[in-house]
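Based on the sequences and whatever the hints tell you, model everything.
First to last, the sequence lines map onto chains A and B. Per full-length UniProt numbering, the first sequence starts with residue 1, numbered consecutively. Per full-length UniProt numbering, the second sequence starts with residue 1, numbered consecutively.
Just so you know, the hints here were simulated from the structure itself, not pulled from any lab data. Mixed in with the good hints there might be a few duds.
[To be verified] Chain B stretches covered by chain A per the calculated footprint, using a threshold of three residues with CB under 8 Å from any CB of chain A: (1) 58–66; (2) 71–77; (3) 82–91; (4) 105–111.
[As the list claims (entries may be wrong)] Think about it this way: if two alpha-carbon atoms lie no more than 35 Å apart in a straight line, the pair counts; the simulated DSBU-like pairs of lysine-lysine are: (5) LYS211/B with LYS225/A; (6) LYS112/B with LYS224/A; (7) LYS174/B with LYS225/A; (8) LYS224/A with LYS116/B; (9) LYS130/B with LYS224/A; (10) LYS225/A with LYS112/B; (11) LYS155/B with LYS225/A; (12) LYS130/B with LYS225/A; (13) LYS116/B with LYS225/A; (14) LYS224/A with LYS174/B; (15) LYS124/B with LYS224/A; (16) LYS155/B with LYS224/A; (17) LYS124/B with LYS225/A.
Yeah, the Cβ is synthetic: ideal placement off N, Cα and C, and Gly gets one too.
Listed here are the chains, written in short residue letters.
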Amino acid sequence: MSILFSGRVSSGASAHKVGIARRFIMFWVNHVRQALFSLGELWRTPSASILTIGVLGVSLTLPATLHLLVKNVQQISDSFTQAAEISLFIREGTNATQISSLQKILQADNDIAQVTHISREQALSEFAQVSGFGAALNYLTDNPLPDVLLVLPKNTHADSARQLLARLSKERIVEFGKLDIDWLTRLDAIVSLLRQAVLVIAVLLLGAVLLIIGNTIRLSIMNKKDEIEVMKLVGATDAFIQTPFLYSGIWYGVFGGLLAFLIVEAMLWWLQGAIVSVTSLYESEFHLMALSVTEFFSLMLLAMLLGLSGSYLSVRRHISGIEPTGP
Amino acid sequence: MLEFDQVSKSYPGGFVALDRVSFKLEKGEMAFLTGHSGAGKSTLLKLISLIERPSVGRVLINDVDLSRIRRPHIPFVRRDIGIIFQNHRLLMNHTVFDNVALPLVIEGFSGKDMVKRVHAALDKVGLLDKVRCLPYTLSGGEQQRVGIARAVVNKPPLLLADEPTGNLDPDLSKDIMRVFEAFNQVGVSVLVATHDLGLVARKKYRTLTLKQGRMINDGLLHLDEAPL
Numbered sequence: 001m002s003i004l005f006s007g008r009v010s011s012g013a014s015a016h017k018v019g020i021a022r023r024f025i026m027f028w029v030n031h032v033r034q035a036l037f038s039l040g041e042l043w044r045t046p047s048a049s050i051l052t053i054g055v056l057g058v059s060l061t062l063p064a065t066l067h068l069l070v071k072n073v074q075q076i077s078d079s080f081t082q083a084a085e086i087s088l089f090i091r092e093g094t095n096a097t098q099i100s101s102l103q104k105i106l107q108a109d110n111d112i113a114q115v116t117h118i119s120r121e122q123a124l125s126e127f128a129q130v131s132g133f134g135a136a137l138n139y140l141t142d143n144p145l146p147d148v149l150l151v152l153p154k155n156t157h158a159d160s161a162r163q164l165l166a167r168l169s170k171e172r173i174v175e176f177g178k179l180d181i182d183w184l185t186r187l188d189a190i191v192s193l194l195r196q197a198v199l200v201i202a203v204l205l206l207g208a209v210l211l212i213i214g215n216t217i218r219l220s221i222m223n224k225k226d227e228i229e230v231m232k233l234v235g236a237t238d239a240f241i242q243t244p245f246l247y248s249g250i251w252y253g254v255f256g257g258l259l260a261f262l263i264v265e266a267m268l269w270w271l272q273g274a275i276v277s278v279t280s281l282y283e284s285e286f287h288l289m290a291l292s293v294t295e296f297f298s299l300m301l302l303a304m305l306l307g308l309s310g311s312y313l314s315v316r317r318h319i320s321g322i323e324p325t326g327p
Numbered sequence: 001m002l003e004f005d006q007v008s009k010s011y012p013g014g015f016v017a018l019d020r021v022s023f024k025l026e027k028g029e030m031a032f033l034t035g036h037s038g039a040g041k042s043t044l045l046k047l048i049s050l051i052e053r054p055s056v057g058r059v060l061i062n063d064v065d066l067s068r069i070r071r072p073h074i075p076f077v078r079r080d081i082g083i084i085f086q087n088h089r090l091l092m093n094h095t096v097f098d099n100v101a102l103p104l105v106i107e108g109f110s111g112k113d114m115v116k117r118v119h120a121a122l123d124k125v126g127l128l129d130k131v132r133c134l135p136y137t138l139s140g141g142e143q144q145r146v147g148i149a150r151a152v153v154n155k156p157p158l159l160l161a162d163e164p165t166g167n168l169d170p171d172l173s174k175d176i177m178r179v180f181e182a183f184n185q186v187g188v189s190v191l192v193a194t195h196d197l198g199l200v201a202r203k204k205y206r207t208l209t210l211k212q213g214r215m216i217n218d219g220l221l222h223l224d225e226a227p228l
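Below is the structure:
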């Protein structure tokens with residue numbers, strides 16, 4: 001494209017008879033070449049690159065770790081499904097057939113996973129065992145405990161368990177129903193609080209990543225001020241000058257993300273033993289969950305996007321600001 | 001080809017670098033631009049290469065008014081003008097080849113075509129054997145010739161040179177002038193800014209002389225009647 005000399009043919013590849021397919025291939029070849037060139041630039045300034053990558057890695061490690069924390073706590077809270085057990089206390093004077101027919105009806109219910117009947121006698125003997133009153137209970141003239149149906153809902157989420165409770169309480173022979181849901185609600189609230197705190201911290205740290213990359217790119221633009229001026233003087237567009245810096249940003253993201261992944265893996269490996277010994281005390285079947293493949297790729301993608309946008313912000317501001325001052 | 005029409009340029013603070021300068025450079029013409037330092041030579045070249053804009057008047061290249069060129073299009077105008085700088089302005093950590101190839105890479109050349117053109121340009125300035133060298137290993141004259149090769153590698157119709165012989169000895173200066181003449185002979189318009197009057201007077205070329213921003217001579221320059 002020549003603005004001044006319409007007949008001028010020496011202007012670049014566009015003037016050549018180049019097929020679309022070939023031009024498409026050349027486009028990608030050029031991008032790969034520039035990406036490798038930017039990688040080489042990072043390699044040529046190892047100390048500065050390593051420092052930046054280190055800071056990025058640590059900044060990305062924190063959100064990743066917090067994410068894992070939330071994920072694992074959630075796993076714990078999910079394992080307490082029995083928590084949403086509903087106890088239905090049966091009216092006094094109800095006979096056994098009525099109870100067993102209700103039990104059958106409930107077992108056929110779509111919302112209910114399991115129904116267990118605890119008879120008054122069972123309840124009393126269990127109470128005698130657990131409470132330690134033992135012999136004292138023998139002095140009772142009659143059994144004060146009611147029959148109980150334990151209902152395990154299919155959906156253990158607090159809200160749906162509460163709805164089920166309301167429905168079952170309306171049964172004729174049910175005196176009242178009870179759902180020990182408070183602590184489950186509390187756990188849910190804590191998990192969601194944790195998740196939001198993680199989100200806020202993550203956003204802050206990702207913002208920091210953006211600024212770090214932006215500043216690093218700004219410094220390398222300033223270092224190459226002379227070179228950029230020369231390129232502008234021989235006719236380089238801003239876009240042409242920008243591309244290598246954008247690729248540098250992406251590379252910073254890639255390496256920062258990889259570093260964060262490695263740090264997280266190392267930390268998990270380090271903590272594994274300690275966590276196993278804690279969980280074995282609680283006799284729970286707890287497995288520490290690491291980053292999944294999807295999460296790894298999300299981390300990398302996020303890091304690359306942050307790198308790209310950080311450098312883009314910097315490049316937009318600073319490259320157009322550099323103007324050649326002279327021949 | 002190149003036309004200045006009553007061009008003035010004043011800088012903030014009231015300094016007038018150019019004062020109503022008018023001249024025309026025809027296609028394929030070669031001319032010298034002389035004057036003391038501070039006379040406005042550099043400013044004049046900056047107006048052509050769109051580093052600066054005139055305060056008053058018009059600069060036209062090929063009848064296109066440069067004031068109509070918007071910022072995003074400036075790079076494309078510069079691709080039509082080969083500029084040679086006094087301090088060479090080479091990329092010191094890139095090879096001679098990379099330096100000369102830069103304008104071609106910018107225009108999207110690649111592969112054999114690019115290599116061929118770079119070699120042709122370096123051949124013209126006699127530096128084909130230094131293709132793989134880094135600029136700082138070259139002498140001043142050689143660096144200057146690398147700069148010339150870079151300016152002509154994409155065959156621009158207009159060549160500007162700012163003090164191309166600034167700190168070279170007379171023999172080297174003559175060599176460089178011969179290179180310019182060779183380009184001029186193949187139809188390139190050449191405008192050389194220099195304060196080396198001896199060099200100018202020996203050649204019978206049109207000379208534009210600036211003094212304190214005014215054009216005081218347009219034509220052949222003879223040393224005995226030099227107005228400086």
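Using a Cβ cutoff of 8 Å, are there at least 3 residues of the segment 58–66 of chain B near chain A, or does the coverage claim fail? holds (count 3)
35 Å limit on alpha-carbon distance, applied to hinted pair LYS155/B and LYS225/A: 27 Å, holds
Hinted pair, alpha-carbon criterion (35 Å max): LYS155/B, LYS224/A. Please report holds or violated. Within the cut-off at roughly 27 Å; holds.
Does LYS225/A lie within 35 Å of LYS211/B when you go C-alpha to C-alpha? 33 Å, holds
Can you confirm whether the C-alpha distance between LYS224/A and LYS116/B stays at or below 35 Å? 28 Å, holds
Chain A covers the segment 82–91 of chain B, three or more CB atoms within 8 Å, holds or violated: holds (count 7)
If you draw a straight line from the CA of LYS225/A to the CA of LYS112/B, is it 35 Å or shorter? Judged against 35 Å, a Cα distance of about 30 Å means the pair holds.
Does LYS225/A sit within 35 Å of LYS130/B, going by the straight-line distance between their CA atoms? Roughly 26 Å separates the two Cα atoms, so the pair holds.
Verdict on chain A covering the segment 71–77 of chain B, where coverage means 3 or more residues with a C-beta closer than 8 Å: holds (count 5)
Going straight from one Cα to the other, do LYS112/B and LYS224/A come out at no more than 35 Å? Roughly 29 Å separates the two Cα atoms, so the pair holds.
Coverage of the segment 105–111 of chain B by chain A, judged on three or more residues with CB within 8 Å: holds (count 5)
Quick one, are LYS174/B and LYS225/A close enough, alpha carbons at most 35 Å? At roughly 33 Å apart (the allowed maximum being 35 Å), LYS225/A and LYS174/B satisfy the hint.
Checked against the numbered hints above, the structure violates none of them.
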